[in-house]
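Student: Below are the chains, spelled out letter by letter.
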Amino acid sequence: MKQAFRIAALAAAIGFSGPALAGLAYVSNEKDNTLSVIDTDTHEVVDTIEVGARPRGILLSKDYTKLYICASDDDTVQVLDLATRKIIDTLPSGEDPEQFALHPNNKHLYIANEDDAIVTVVDVTNKDVLAQIDVGVEPEGMAVSPDGKWAVNTSETSSMLHWINTETFEIEKNTVVGQRPRHVEFTKDSKIAWASAEIGGTVHIFDVETIEEIKQIDFQIRGVPQDRVQPVGIELTSDGKYAFVALGPSNHVAVVDAQTYEVLDYLLVGARVWQLDLDKDEKFLYTTNGVSGDVSVIDVEDMKVIKSIKVGRYPWGVVIDPTS
Amino acid sequence: MKAAHYWHCFVGIQTREWLRFWQQRTRFASALVRPLLWLVVFAAGFRAVLGISIIPPYQTYITYETYIAPGLCGMIILFNSMQGALSMVYDRELGSMRVLLMSPLPRPFLLVTKLLAMGVVSIGQVYVFLLLALLVDVEPPLWGYLAVLPALILTSLMLGALGLLIATWIKQLENFAGVMNFVIFPMFFMSSALYPLWRMNEASPWLYWICQFNPFTHAVEAIRFSLYLEWNPMAFGITAGVTVVFALLATTGFRPQRTKILGGKPA
Numbered sequence: 001m002k003q004a005f006r007i008a009a010l011a012a013a014i015g016f017s018g019p020a021l022a023g024l025a026y027v028s029n030e031k032d033n034t035l036s037v038i039d040t041d042t043h044e045v046v047d048t049i050e051v052g053a054r055p056r057g058i059l060l061s062k063d064y065t066k067l068y069i070c071a072s073d074d075d076t077v078q079v080l081d082l083a084t085r086k087i088i089d090t091l092p093s094g095e096d097p098e099q100f101a102l103h104p105n106n107k108h109l110y111i112a113n114e115d116d117a118i119v120t121v122v123d124v125t126n127k128d129v130l131a132q133i134d135v136g137v138e139p140e141g142m143a144v145s146p147d148g149k150w151a152v153n154t155s156e157t158s159s160m161l162h163w164i165n166t167e168t169f170e171i172e173k174n175t176v177v178g179q180r181p182r183h184v185e186f187t188k189d190s191k192i193a194w195a196s197a198e199i200g201g202t203v204h205i206f207d208v209e210t211i212e213e214i215k216q217i218d219f220q221i222r223g224v225p226q227d228r229v230q231p232v233g234i235e236l237t238s239d240g241k242y243a244f245v246a247l248g249p250s251n252h253v254a255v256v257d258a259q260t261y262e263v264l265d266y267l268l269v270g271a272r273v274w275q276l277d278l279d280k281d282e283k284f285l286y287t288t289n290g291v292s293g294d295v296s297v298i299d300v301e302d303m304k305v306i307k308s309i310k311v312g313r314y315p316w317g318v319v320i321d322p323t324s
Numbered sequence: 001m002k003a004a005h006y007w008h009c010f011v012g013i014q015t016r017e018w019l020r021f022w023q024q025r026t027r028f029a030s031a032l033v034r035p036l037l038w039l040v041v042f043a044a045g046f047r048a049v050l051g052i053s054i055i056p057p058y059q060t061y062i063t064y065e066t067y068i069a070p071g072l073c074g075m076i077i078l079f080n081s082m083q084g085a086l087s088m089v090y091d092r093e094l095g096s097m098r099v100l101l102m103s104p105l106p107r108p109f110l111l112v113t114k115l116l117a118m119g120v121v122s123i124g125q126v127y128v129f130l131l132l133a134l135l136v137d138v139e140p141p142l143w144g145y146l147a148v149l150p151a152l153i154l155t156s157l158m159l160g161a162l163g164l165l166i167a168t169w170i171k172q173l174e175n176f177a178g179v180m181n182f183v184i185f186p187m188f189f190m191s192s193a194l195y196p197l198w199r200m201n202e203a204s205p206w207l208y209w210i211c212q213f214n215p216f217t218h219a220v221e222a223i224r225f226s227l228y229l230e231w232n233p234m235a236f237g238i239t240a241g242v243t244v245v246f247a248l249l250a251t252t253g254f255r256p257q258r259t260k261i262l263g264g265k266p267a
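Residue numbers (full-length UniProt numbering), protein chains in the order written: chain U, 1 to 324; chain G, 1 to 267.
Only chain U is shown next, with the shape it has when bound in the complex:
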């Protein structure tokens, strides 16, 4: 029996030590001032990179050569070169950057400055600050539509979405949603936007053309008190079938039918699940679990959590490089 297990283990080891075609996931560890790099084939941490103080929001440049990091306590956005894994530059960001979004033109970076109630737009090629837009109190979430027309900011205390025209850098419309909106995600065709409200416990679906709310989703998890159900991160599959919503301290990710907006299932992950990202083939979904300090891996086809990987303290954001 033992022999059989040894042989199996050996076979597995040989199988995994093939050429490195693996995808890589980058996870920002808020309290460790590091990024964890995870191989998405083996689901193991392969590297840890030192970065600025309190890294939270992270995103990839559109050509996937750089990673932008909100180093919140350093009041800056850092630029990491993915080939060398070294910080090569910093960008002006305004105070306490937490979340940001990159325009499809790969130049305009929209940064939410929580303490100043503004959104700063920076040109990443020459570091020019193009605009500072006054928004509601405590701006938090930031998203730019894939067609590049809209930038949406959420303000936590005002409980609003601010719809910014990316040509004029002016707010065209404000829409009220549930309390403490956290995150906005556009569908690939830019027609629908999903917004999560942390304290409200809801997700709001907007028709982008009319900027009208078309649906509100509520969540109820068996055995979990309602006040712990706090939607934060949202991730949509590109085939338009599913949406995944990270439900914070309820330690669950909701699986939502992206056509009917019905909640299909709740998957148990680590404590205080925050942000999520799909890998290139959309086979696996990675979630950051802040309090338990790990990343859970969800098999999208089976809709099952298959593993949780220890990373640094308080993992916040996760992005998976589709080219690696």
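Just so you know, nobody snuck in bad clues.
Simulated restraints, written as ranges between beta carbons of each label pair:
#1 Q179/U to L132/G: 36 to 46 Å
#2 R313/U to E139/G: 24 to 34 Å
#3 V120/G to V46/U: 45 to 55 Å
Calculated from the structure, these hints are not laboratory results.
C-beta: ideal position from N, C-alpha, C; glycine also.
With chain U held as given, fit chain G onto it using these hints.
Tutor: Quick look at chain G alone, frame taken from chain U:
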């Protein structure tokens, strides 16, 4: 004595156990009610309690239902083995055990065959239980259902041997309530069946050590690890070792005539 004789005897004992089982089909069903109540009612209340830490063999956070399922498999075997012990006392009182042991084949062979026969019925129940557990999302990997079989056989042999050992001590049928209080409940509760041992250690270290010395803990862990396709040499080793000790004690100590009804003094 030829192998054919052994085989004939083996088949005979198995058949008799199946006949007994077949006549008590309702017992098969009612024996499933107990673990299912634990799984569906008891575990539901603690559903979200356990998602705090990842312990091997699990790769991620699990619900409480998932945690206690292997322990409940052990519970099925435990209850059946003790019930088997009861039936052996009963057989002894009726004399059918003496008929069995009058066979010229070696007594250890007869008794181990009897244990295996009882084990087959228990393991059938465990598999039915595992299938029903799918309904509350206890979903071990598919190969786990096969990999768990050696652990189930070993557990049923160990607990069956324990039952046999107890049967040698019980003088009367009425003493069986004591078995319930002094064997089944302590063995089940002071094990890793309901709570992981690190939790026990937090609550009280001495309780933790009692659990560690309880062979049922290691049987449950052997079931748990193999159900999730992990190899746990310590759990298997301890369970196998204890099985051998129990079986030796039971087969050498078993005296069919040691009952009050039949009057005779222990030989």
